[in-house]
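Asker: So you can see what is in the structure, the chains are spelled out below.
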Amino acid sequence: MYRQAPRLLIRALDGGRGGRLIGRAFSTDVPAASVEDSAFVEAWKKVAPNLEPPKTPLSFMRPRPPTPSSIPSKLTVNFVLPYQSEISNKEVDMVIVPATTGQMGVLPGHVATIAELKPGVLSVHDGNEVTKYVVSSGFAFIHANSIADIVAVEAVPVDRIDPSLVQKGLADFTQKLSSATTDLEKAEAQIGVDVHSALNAALSG
Amino acid sequence: MASAAAGSSAAVPFWRAAGMTYITYSNICASLVRSCLKEPHKSEAVNRENVHFVISKWANGKPEKPTIRSDSPEE
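Chains as they are written, first to last, in full-length UniProt numbering: chain V, 1 to 205; chain H, 1 to 75.
None of these hints come from the bench; they were simulated from the model.
A hint or two may mislead.
Below, in silico cross-link-like pairs of lysine to any residue (SDA-like), each with a Cα-Cα straight-line distance of 25 Å or less [said to hold, decoys possible]: (1) V:K90 - V:V111; (2) V:K90 - V:V151; (3) V:K90 - V:F141; (4) V:K168 - H:N47; (5) H:K38 - V:S164; (6) V:K176 - H:I28; (7) H:K38 - V:I87; (8) H:K38 - V:F141; (9) V:K90 - V:K55; (10) H:K38 - V:V121; (11) H:K38 - H:N27; (12) H:K42 - V:I87; (13) V:K168 - H:K42; (14) V:K132 - V:P157; (15) V:K90 - V:E129; (16) V:K168 - H:S31; (17) V:K168 - H:E49; (18) V:K168 - H:S35; (19) V:K90 - V:F26; (20) H:K42 - V:T67.
Bear in mind the structure is a predicted one, so any value in this text is a computation, not a measurement.
All chains, full assembly: derive it from the sequences and hints.
Answerer: What follows is the structure, given as structure tokens:
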């Protein structure tokens, strides 16, 4: 059912574009939802004028930073894993993410992008220091306000990878790939070869 | 899910063509990366990813015998 979604969405957009010239706005361009519901607050004050109205979850959240009118000088990066947050609100000069379409360099002012990541190296550049992580897979969301949210399932600094295990794995999976019969076995062996070659490249690059 | 209606002509990744979902692919990639770690980090990662859960299917309003799925050996 969801396989048809791209086709249906394109049809919907084309129909819409016939009537409107502007495409959809980015989430960071739309003004943030107002923090309190004024109708509720007024009704509360009528009933209980001496008590403070209770706060809703929306009022605890910080509003999303709007898209600045001029390109900011630094990129704010959030890099999270399921079990911990590696980088949180760090201002850096550039990140290079291993997208499925190739290594993508993200500078401040990058166009808003959602990138699916492939196994590879994520490098964070801040001045002269570069921190490299090996990422297994995940997504990178770059927003129009120069904030990059990168989520990965597993990411380790490059120096925690054991080269001998990588070579052994690569040899194993190359052999499995040549001897695989069903589609599924071939796919799994191919994934193994891809991941291990990416790890290899990370160790040497 | 693997419908024959070729409404979208998007090129699918090889794993999806072989019938695998993205979550399965992503989990396989992650476990391969974990298996290539150096020693203290590798055992930490393996311990962190251990799962132990019990599934009970229900039929006719009654639970059937539960199945235990676990990475830790049963005592």
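Asker: Indicate, hint by hint, whether the structure satisfies it.
Answerer: Now the hints, each set against the structure:
no., hint, verdict
1, V:K90 - V:V111, "holds, 19 Å"
2, V:K90 - V:V151, "holds, 15 Å"
3, V:K90 - V:F141, "holds, 15 Å"
4, V:K168 - H:N47, "holds, 23 Å"
5, H:K38 - V:S164, "holds, 10 Å"
6, V:K176 - H:I28, "holds, 15 Å"
7, H:K38 - V:I87, "holds, 22 Å"
8, H:K38 - V:F141, "violated, 30 Å"
9, V:K90 - V:K55, "violated, 29 Å"
10, H:K38 - V:V121, "holds, 17 Å"
11, H:K38 - H:N27, "holds, 20 Å"
12, H:K42 - V:I87, "holds, 21 Å"
13, V:K168 - H:K42, "holds, 16 Å"
14, V:K132 - V:P157, "holds, 6 Å"
15, V:K90 - V:E129, "holds, 13 Å"
16, V:K168 - H:S31, "holds, 15 Å"
17, V:K168 - H:E49, "holds, 23 Å"
18, V:K168 - H:S35, "holds, 11 Å"
19, V:K90 - V:F26, "holds, 23 Å"
20, H:K42 - V:T67, "violated, 41 Å"
In summary, the structure is inconsistent with hints 8, 9, 20 from the numbered list given earlier, while agreeing with the others.
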